[in-house]
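**Student:** Chains Z and F supply the protein sequences, listed in that same order. The first sequence begins at 1 in our numbering and counts up by one. The second sequence begins at 152 in our numbering and counts up by one.
Hints in this document: simulated from the structure, not taken from any laboratory. It is possible that part of the hints are untrue.
[As the list claims (entries may be wrong)] Facing chain Z, from chain F, some residues (calculated, C-beta under 10 Å): (1) ILE201; (2) GLY202; (3) ALA283; (4) LYS320; (5) TYR330; (6) THR334; (7) GLY336; (8) LEU337.
Glycine is no exception: its CB is placed at the ideal position from the N, C-alpha and C atoms.
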Amino acid sequence: MKKILRDSEHLVRLVILAAIFVAVFLIIRKAVVPAGFGKYGHYRAGALDDIRARSISFAGHEACETCHDEQAQKKAQGKHAQVACEACHGPLAAHADDPSTIKAVKPDPATLCMRCHQADSAKPKTFPQVAGDHAGGEPCGACHNPHNPAM
Amino acid sequence: MDLNRRELLVGVGKFIILSGSARAALNGDTQTYNMAEHWWGMTIDVSKCIGCGNCVRACAAENGVPKGYFRTWVERYQVNGGDIEHPQVDSPDGAFNGFPPRGPSNAKSFFVPKLCNHCVDSPCVQACPVGATFDSPDGVVLVDEKYCVGCRYCIQACPYGCRYLHPTKHTADKCSLCYHRITKGLTTACCEACPTGARKLADLKNPADPVHEFLRDNNVQVLKPYMATRAKVYYKDLDGAVR
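Let the sequences and hints guide you as you build the complete structure.
**Tutor:** Dropping the structure here:
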């Protein structure tokens, strides 16, 4: 057989070597790049599902209102109509999922009202604020019902 | 088979409807969320914020934010004599327990809630060397905990200081705009807990969302517009002193 190039076996070896490099690269790439990478962009598409799968702590006021109709109606008539239940009662998704065994805890009266209504010059002027001897030492609940605070 | 035309048409109609609903039921609720139909942001009415810290506590409870770290926080500004270049700002423990009350004052004073701005051109996403921080197709900047190597580049890149390195996971962490909630049709934990409605989740692709009136009818600003990040947290009546 007539040789096309002098010492062409060197070239054959180079081509084989290059093919091995490419194969190894592809195998490593397949092993280290996670599934779905690049589906939406330069990130792992599965991360979206991972983040969406996290559990919720706040049930949302619609969930509360399906059972606590009386309180929801009372609240709807007062100044606190736009305040969601869990703004004061805290996160209660666990209670909403299993109302019989997991019970809601009553909010701490020491912070319940004053967290919002303590007077502060940084608060909007139109927001109702309490300063000085407004109650004469009486707890807020002596006069106000938190669900409908008007007296 | 003895089928007249009416029975046949009714039967075919029932088959189509029932097979369609069966498929929807099999796929489950989670599959009904279509990323292409949403573009998430938030609106903040500075003139409604009372600095109660409900949002900070709600965020920590919802997302397991470690103590001393914040995905959202509230700042109290005080501007003396119109000197907007030198405002006094405090945020004790990120306002986790609210603020110590401040008495009557002649200075201008107000609260500013802060969180990730979910920028369209996010510096953090551009800085991430491994693709662990990314813009989701519905406009939320998220962190892939399994892919983050904890290099902290994104923390340095964020012009708003919205990121931190999680002390036990050793990965970058930040506001996810409660992605696990908003994709289920709920609002974010901070918006749910905000008693005055100062914060509102906004879906900019939903034509029925009140965000469009909010943007049209108010004086609206984003934080650090000169950074050209195209932030999607819109502040109403933001003072020039806010940094």
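**Student:** Against this structure, judge whether each hint is valid.
**Tutor:** Verification of the hints:
no. : hint   : verdict
1   : ILE201 : holds, 5 Å
2   : GLY202 : holds, 6 Å
3   : ALA283 : holds, 7 Å
4   : LYS320 : violated, 13 Å
5   : TYR330 : holds, 5 Å
6   : THR334 : holds, 5 Å
7   : GLY336 : holds, 9 Å
8   : LEU337 : holds, 5 Å
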